[in-house]
Amino acid sequence: AAALAMAETSLGHLLAPPRAAAGPAGGAGAGPRLVLLKRDDSSVRVVHQLLGGAECRALIAAVEGLDFSPPGNFEARDRVCERVHTVDPGMSGAVLARLRPFVPEVLIVDGARWRLSRFTHHWRYVRYFRGGHFAPHYDGSKLLPWQEMSMFTVQVYLNSRGVDFEGGDTRFYMDHVPERRGSHSIADGQSMRSFPQGLPPTHAVRPAAGDALVFDHCGRSAFHDAEPVSEGCKYIMRGDLLYAALPEDRALLCQPSAPPEQRSWCSAAAARYATRDFIGQVWTCQCATDQHGAGCCRGLFRDPAMDHLEQLALPSSDRSCSSRVCVLVSGKRASGKDHVASALQSALESEGLAVTRRAAGSINKRAYAAEAGVDLERLEADREFKEAHRVALVRHHQSRNREDPNWCLEEVWAEAVAAGAGVLLMPDFRSLSDLRWFEQRCGGATGLVLLRIGASDDARRARGWQPDAAKDGLYSETDLDSFEGWDACFDNTADSSAGLVEEWVRHTAVPRILAARGEGGGLQRLRRTRREERRARLHARGDARSAPAAPPPQGPPATPFGV
Numbered sequence: 001a002a003a004l005a006m007a008e009t010s011l012g013h014l015l016a017p018p019r020a021a022a023g024p025a026g027g028a029g030a031g032p033r034l035v036l037l038k039r040d041d042s043s044v045r046v047v048h049q050l051l052g053g054a055e056c057r058a059l060i061a062a063v064e065g066l067d068f069s070p071p072g073n074f075e076a077r078d079r080v081c082e083r084v085h086t087v088d089p090g091m092s093g094a095v096l097a098r099l100r101p102f103v104p105e106v107l108i109v110d111g112a113r114w115r116l117s118r119f120t121h122h123w124r125y126v127r128y129f130r131g132g133h134f135a136p137h138y139d140g141s142k143l144l145p146w147q148e149m150s151m152f153t154v155q156v157y158l159n160s161r162g163v164d165f166e167g168g169d170t171r172f173y174m175d176h177v178p179e180r181r182g183s184h185s186i187a188d189g190q191s192m193r194s195f196p197q198g199l200p201p202t203h204a205v206r207p208a209a210g211d212a213l214v215f216d217h218c219g220r221s222a223f224h225d226a227e228p229v230s231e232g233c234k235y236i237m238r239g240d241l242l243y244a245a246l247p248e249d250r251a252l253l254c255q256p257s258a259p260p261e262q263r264s265w266c267s268a269a270a271a272r273y274a275t276r277d278f279i280g281q282v283w284t285c286q287c288a289t290d291q292h293g294a295g296c297c298r299g300l301f302r303d304p305a306m307d308h309l310e311q312l313a314l315p316s317s318d319r320s321c322s323s324r325v326c327v328l329v330s331g332k333r334a335s336g337k338d339h340v341a342s343a344l345q346s347a348l349e350s351e352g353l354a355v356t357r358r359a360a361g362s363i364n365k366r367a368y369a370a371e372a373g374v375d376l377e378r379l380e381a382d383r384e385f386k387e388a389h390r391v392a393l394v395r396h397h398q399s400r401n402r403e404d405p406n407w408c409l410e411e412v413w414a415e416a417v418a419a420g421a422g423v424l425l426m427p428d429f430r431s432l433s434d435l436r437w438f439e440q441r442c443g444g445a446t447g448l449v450l451l452r453i454g455a456s457d458d459a460r461r462a463r464g465w466q467p468d469a470a471k472d473g474l475y476s477e478t479d480l481d482s483f484e485g486w487d488a489c490f491d492n493t494a495d496s497s498a499g500l501v502e503e504w505v506r507h508t509a510v511p512r513i514l515a516a517r518g519e520g521g522g523l524q525r526l527r528r529t530r531r532e533e534r535r536a537r538l539h540a541r542g543d544a545r546s547a548p549a550a551p552p553p554q555g556p557p558a559t560p561f562g563v
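FYI, the numbering for the sequence shown is 1 to 563, going by full-length UniProt numbering.
What the hints contain is simulated information worked out from the structure, not anything from laboratory work. Hints may contain errors.
[Said to hold, decoys possible] With a Cα cut of at most 25 Å, we get these calculated DSS-like pairs of lysine-lysine:
#1 Lys365 with Lys386
#2 Lys365 with Lys471
#3 Lys471 with Lys386
[Claimed, not checked] Simulated restraints, written as ranges between beta carbons of each label pair:
#4 Val391 with His339: 23 to 33 Å
#5 Glu248 with Ala54: 36 to 46 Å
#6 Glu248 with Arg77: 41 to 51 Å
#7 Ser496 with Val177: 17 to 27 Å
#8 Arg366 with Pro145: 33 to 43 Å
Since the model is a prediction, treat every value here as computed from it, not as a measurement. Glycine included, every Cβ here is placed at the ideal spot set by N, Cα and C.
Given only the sequences and the hints, what does the whole structure look like? Please build it.
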């Protein structure tokens, strides 16, 4: 009855359907953007503008009508706030649809591979009045007996510091390395005062309405606190993102080789639907009364696991598969997209896939060099020389587009068909008109994966970027700024020695590319859903600002390359 009462407070309907690419809800500007809190560590990330301002205000108004209460089992020195629980599959689906591009598809925990699954469906809304705070602590991982486990805290700020309240930063202590112990060597309810006191925070996140803070609470758990609120009232919503062990790896968890203090999965705790934190403490929470939201989807159960877990098996890279996929990589100047594309090509080829890499910009450079009498080799190899010609290159492309909007893309496609490869990798995807062309050309016969590479301005400067209003305002730099239909996004701020490119390629980009080849029932549904969302956004954005929309490609629109 309690679970049913919470379900009746569902708030997922307050989030709009997938947003058109005209800008973030509640204002103009760029769409959601991923930033790693620590440039060489992917365990804590911020997704700016995941929710719109109007959505945040609607959620605050709605939860104010619910019964908030202080959390139990905490002393005032440890935690002061009020919260309310909801069981809300609708919210889970709406948030995951927006968040998926910014989180890993696969994680390696306890030697096993775990795949992105769902939210727990339990959403907590928390408000911090003046003096409200949360002492340094680790969030706990929710464990379910069919080898499903939460890996990330997803905390969405519903209002802003400096506007609605003061103080209230979320602070991280990323240099703290605690002693870890086996789950049953720590008593339930161990006081938070056992954690070190007085450590200086290494990083802080300033709350801004609509921003999502996503951090690991499992394999690389983040020690953090909530700074006291000094004025006003801070509102957040909190969910837990579940991953499921791949069917072919579940046996590894039944025969663990690592000692208990080094493991995250605990079968005894999972049997209780318990929560386990990074140091090994185990407890049961209010969410466990509904089995971490599993009770919302009883129809999915199949003795004893959930049907959807069987569909999470990684697709193979079998070269006999007849499906093909186009991978379009986008990013601003000096974001490092070519480096990422090279790592991606190597990873796909190591999976046994043939990859044809073609850049539309190279075709335009050849034509421009021939017409303008410019040294093509220098144009392709000398960054400074290329930047001196960038505006002219873009104008040349626009001029040729007026004569034949498909001229570059047709040549890219023809080269891919001639190569007969299973993957077309285009590392310079720049406009919505290009996307419309590929959507029409691919049809249902060829998968389409869109990847967005970002980087901080400081990192781009270190790679040779110099701000230039004329260049930075070109449609080729801005047309995709507010597009939200990405399959995966990557913050490429760190230098290559950090290993984050390889981590993202292996654990996110490659699995989603393999999924787009159409293998696996659940993955096929995901592929169809992403395509439908993109088409809805493109339809809503039919008036692309700067570049003319390309007409439908000539010839059979669904002919896959390489066949």
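Structure-based check of all given hints:
A threshold of 25 Å between alpha carbons decides the hint, and for lysine 365 with lysine 386 the separation of about 9 Å falls inside it, so the pair holds. Only pairs whose Cα atoms come within 25 Å are accepted, and lysine 365 paired with lysine 471 is accepted, the gap being roughly 16 Å. Annotation: proposed proximity of lysine 471 to lysine 386 holds, straight-line Cα distance about 12 Å (limit 25 Å). The beta-carbon spacing between valine 391 and histidine 339, approximately 24 Å, falls within the hinted interval of 23 to 33 Å.
Distance hint check: the CB atoms of glutamate 248 and alanine 54 are about 44 Å apart, consistent with the given range 36 to 46 Å. Distance hint for glutamate 248 and arginine 77: a CB-CB separation of about 47 Å, consistent with the stated range 41 to 51 Å. Here the CB-CB span from serine 496 to valine 177 is close to 25 Å, well matched to the stated 17 to 27 Å. Between arginine 366 and proline 145 the C-beta distance comes to about 60 Å, which lies outside the given range of 33 to 43 Å.
Violated hint for the displayed structure: number 8, the only one.
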